[in-house]
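Protein chains: 4
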Amino acid sequence: MIAILKRGTNENQIESLTHWIEAQGLSVHLCKGEFSTIVGLIGDTTRIDEDLLRSLDIVESVQRISEPFKSANRKFHPEDSVIKVGDTSVGGDVFAVMAGPCSVESEEQLISIAKSVKAAGATMLRGGAFKPRTSPYDFQGMKGEGIRLLLEAKKETGLPIVTEIMNADHLSLFEDVDVIQVGARNMQNFELLKELGRTNKPILLKRGLSATIKEWLMSAEYIMAGGNENIILCERGIRSFDSQYTRNVLDLAAVPVLKELTHLPVIVDPSHATGSAKLVKPMAMAAVACGAHGLMIEVHNDPKKALCDGPQSITPEKFADVMEATGKILKETV
Amino acid sequence: MIAILKRGTNENQIESLTHWIEAQGLSVHLCKGEFSTIVGLIGDTTRIDEDLLRSLDIVESVQRISEPFKSANRKFHPEDSVIKVGDTSVGGDVFAVMAGPCSVESEEQLISIAKSVKAAGATMLRGGAFKPRTSPYDFQGMKGEGIRLLLEAKKETGLPIVTEIMNADHLSLFEDVDVIQVGARNMQNFELLKELGRTNKPILLKRGLSATIKEWLMSAEYIMAGGNENIILCERGIRSFDSQYTRNVLDLAAVPVLKELTHLPVIVDPSHATGSAKLVKPMAMAAVACGAHGLMIEVHNDPKKALCDGPQSITPEKFADVMEATGKILKETV
Amino acid sequence: MIAILKRGTNENQIESLTHWIEAQGLSVHLCKGEFSTIVGLIGDTTRIDEDLLRSLDIVESVQRISEPFKSANRKFHPEDSVIKVGDTSVGGDVFAVMAGPCSVESEEQLISIAKSVKAAGATMLRGGAFKPRTSPYDFQGMKGEGIRLLLEAKKETGLPIVTEIMNADHLSLFEDVDVIQVGARNMQNFELLKELGRTNKPILLKRGLSATIKEWLMSAEYIMAGGNENIILCERGIRSFDSQYTRNVLDLAAVPVLKELTHLPVIVDPSHATGSAKLVKPMAMAAVACGAHGLMIEVHNDPKKALCDGPQSITPEKFADVMEATGKILKETV
Amino acid sequence: MIAILKRGTNENQIESLTHWIEAQGLSVHLCKGEFSTIVGLIGDTTRIDEDLLRSLDIVESVQRISEPFKSANRKFHPEDSVIKVGDTSVGGDVFAVMAGPCSVESEEQLISIAKSVKAAGATMLRGGAFKPRTSPYDFQGMKGEGIRLLLEAKKETGLPIVTEIMNADHLSLFEDVDVIQVGARNMQNFELLKELGRTNKPILLKRGLSATIKEWLMSAEYIMAGGNENIILCERGIRSFDSQYTRNVLDLAAVPVLKELTHLPVIVDPSHATGSAKLVKPMAMAAVACGAHGLMIEVHNDPKKALCDGPQSITPEKFADVMEATGKILKETV
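Going down the list, the sequences are from chains A, B, C and D. Under this note's numbering, think of the first position of the first sequence as 1, with each following residue one higher. Under this note's numbering, think of the first position of the second sequence as 1, with each following residue one higher. Under this note's numbering, think of the first position of the third sequence as 1, with each following residue one higher. Under this note's numbering, think of the first position of the fourth sequence as 1, with each following residue one higher.
Check the hints yourself; a few may be wrong.
You can't tell identical chains apart in this list, so a pair holds if it fits in one copy or across any two.
Cross-link-like lysine-lysine pairs, in silico, DSSO-like; alpha carbons within 27 Å at most [unchecked claim]:
hint	residue 1	residue 2
1	K201	K278
2	K328	K318
3	K155	K6
4	K194	K115
5	K6	K32
What the hints contain is simulated information worked out from the structure, not anything from laboratory work.
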């Protein structure tokens, strides 16, 4: 970590800063330039409060050299993490495909989709029971009943299930859920992250709409700091100035960037990212080509009746086509 | 609300869509163009699920003409709302100034700041007890003890208090708090918003980092839909591509835009928006000039020791100067 | 095109608007809702001045249904355009690969790179002679001499050459250049676009840093309106809030979106988009997987001495590896 | 300037880097941390090519401590620059107000507006003769004839005139123009900037749609490096994710930020920034309150017939009201 001091800082002030840093168990290296003095903080700076340092009168700016995340950092954990989920996993040799409807609507709907996505090669079933909606007047999900139906579909097909949590008070309902999803809007709901850190469930952590890669990893760190290291990252598009043709911008370069920064697996959700069924196939192919560990795809047996997020759902037939196309790409990336 | 149909949609399909819309209590007006047919939905479209309509096979795109928010909408509530807070208020004749430290640190610190901001003209005391921090390793606030100290300061000075909630489970601790703040990162924590809708406390709703004005009003609508109409909006800067000199971009045009769209009062937080103590005064002056109903300003008696968000805090002396400067502007805007 | 009228617009005003629209050769369809009247403009609205319509007193907002671009629009030109470049082409059966140094530095450097990229399968040589640099104090390119060296390399290898123009006054120097590149910063330099519209050279039009897809196509339209329809679009990343790990965000979904909207070929530049040599390979693979018609890649024989944009250049050896990896993906996308 | 070296860099490599830096007239200070070595470059780093340094194999990242702009930098020119324009000026004691139509349309229109804005207190007349339009099919301005009419209006009223240039080849037409405007889309048209650097005309340099403050100042530096130091900066809104209610986000904090970084005057254009006539008054008041040296405002005598950018124009009556309101604020900011 580097602190750049303001012009005019005097020797006494520098000395007093040096003492303060050393009192926190770090050592100091000074570098005096023509216009400013640079203070290098040497040692484990992970737990230094950057804002506190920045707030000192004599400090102009602060820059981290090493990353502020530790548990998620590949430097301290060089091997890829493989997250076990029932009989399957995310990361490692398995290419994970989580497919299913945006919202659980009925037993029939769900079991029919579950069977067809399994037949096409999906490794997990996804479906929303609690739905975050921009408007309080829109359908909010089947809630507990939706989870019950997901568990039925799991029994029927053997597919592990992934579903979103919006409130830590609902955790008891998620006891038999295989992977708990944290949605983009809750990526910095730190209280929820802390609660999930106390469980041992695999957590699918979606990127926030305007979250930097570093902030995203810091949110993973919140969960890991509580003892739960079973994190799967999911890129789902970021907000940009152009939303005429795609709802968000799918930031695929985040995949190779994350694979270098962290040992955690990273999957891609082309359905939410683009908001367009037509774009699911090409973007799924691109995600595989740049090294994603898996995909999350919305599939609906009757897209025109989907109770939410309809435009981004594909049919089971189209899903099978996506699986075939991505399978070919996958073979060429090994 | 307008739905634009895809080319090639046939008469039967249009008829079936018309029936579906009429079944929801709306009437339909068709407009056939050279390339596409436009369906006008006439009536109360507030509760129509836009995504569901968009998901229909024959629909190319959907555009709302009237706003999707109802309780917050000035069209249905032309007069300005005045939110009562203890003996004072936000909106109406009072220009509200909420001042105080980013974090509550000690009784001494808090009471000293509370007295000096009161003397300078603040109408409320703000202070963080529960702190949302990007890193799990940074100071997370004094929590319950912080609220106790705020209540002490209220007793001592008479100033109503404003503090942030991060978890609905903490609501019992907020019983004597005058205004409950929802932070930017929780603006779309819909579960929290619903819980706050069941209270009758004034809620200060900060704008999310990448929230559109419409999404922000929809979050207000979540609280109002539960029966609590005591909402104060707070612009605190949005995320942009340039964060070298200011942490966020303060979107002051949101102030007059909101004053036209909604009857709810809107205040401005120049401290968090810019992240720079030097910029608090000019941006506070600008906020007053463009019609804000109030300000939220961080004040610290020893900025170099602030446990968080230090760079954006000003001293009580500088705060008095800001109050004087904004007071002069205020006089000229009436 | 739809114009939504303000509440309170009276019959006379609507009639006068109707006359005005009809006078421009369009017909009008009115749709009266509870709160507002919608005016549908039917006919060729491509040449209607949207801003002018929006400026009328009684108009609340204007929305285009059909796209404002005509020459670039796939609706009016359903077949893919294939841009002939010397003995090769962009679009159609050929997968175009433009490779070479960011800046031309010397004859030796250029010819050595040209030979190695040709051997690895590049179809064209790219190299900067005129360089747009943020700082006036940075290296501005070898200018005319750089073009002379590119022509030497072309003679030596047979590869057609691509190089950037920054000033229409330099056009005479580009007489033997095969493809003229318009850089991101000049995407809306309309005077330059108009001049290029008067030539018959293939133009590589890079997307502006914050250009929407529609604006980008309108810039293509500027060139095409002058008579030159030989346009190649190049996605090169857009500006976003996170530039810590990648310089820009590569918007790969723009590729399938453009393939639907326009008949013009679209290629991808992973070097400039990410600003990182390590990311070139995975992002090139992703670009191929989602259907790009080609790639533009920076290659340098001694990346540590590149006079500009060094971090994003790969060596000829790494380029050969990228060609092999993308070749495998390409085979699976047909 | 600081270069952070990669882990594993050896002593020989550090020594060779040190020699290279010293060869450029700078001295070096090394700071070795646990994970990385930091190289401080001491001396005049303004002319160091940051990209070149970053491209070296052993360099992980480069950070500037001092600003890369020199002529525009307040550190080397502490006093405010006052730009002389005819009998008036921008900066210093004069509050500059440039008002007039978006496009020059006729002699009558222009002279009528010029007289009324003068009467209301404008110090200059603005009007577009060459118009940058997104679509090639929209009105492109009256060009040379527009400049002739502006000169007529100047003769009639004595107001100096401001008008936009889009092509250096048109410079001869601008001989009697008082201030030459460079529009947002040309902010990084470096060839145009260089040409303007060879004149001695005051240049109004608008901020690019997605230009950082540093890039904007580097564009000013392009003009100043050529010898022309008569630059006026103009904030006109930046692109963001929300354009439903305002076309751009007016970044008013840029005003006090620029006043600290540079000695050049900075004015604000609330008309283009918001794209809404209703927002001109509050945002003009805010701009004055936070210290702008002037305003640029669109005024049209018949907004419903304006040939471009209609929605953002106000009438001469409303302009007089804006002048009165901003005048009161101005009095309170001194």
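Reference check for the pair K155 and K6, CA-CA at most 27 Å: within, between, both, or neither? Answer is neither; intra-copy 64 Å and inter-copy 41 Å both fail.
Under a CA distance limit of 27 Å, which applies to K6 and K32: within one copy, between copies, both, or neither? both (11 Å within a copy, 22 Å between copies)
Please work out whether the CA atoms of K201 and K278 approach to 27 Å or closer within one copy, between two copies, in both situations, or in neither? For K201 and K278, the Cα distance exceeds 27 Å both inside one copy (33 Å) and across copies (34 Å).
Could you place K194 and K115 in one of the four classes (within, between, both, neither) given a Cα distance threshold of 27 Å? Neither, since 35 Å and 36 Å both go past 27 Å.
If the cut is 27 Å between Cα atoms, do K328 and K318 qualify within a copy, between copies, both or neither? both (16 Å within a copy, 24 Å between copies)
The structure fails to meet hints 1, 3 and 4 from the earlier list, while all remaining hints are met.
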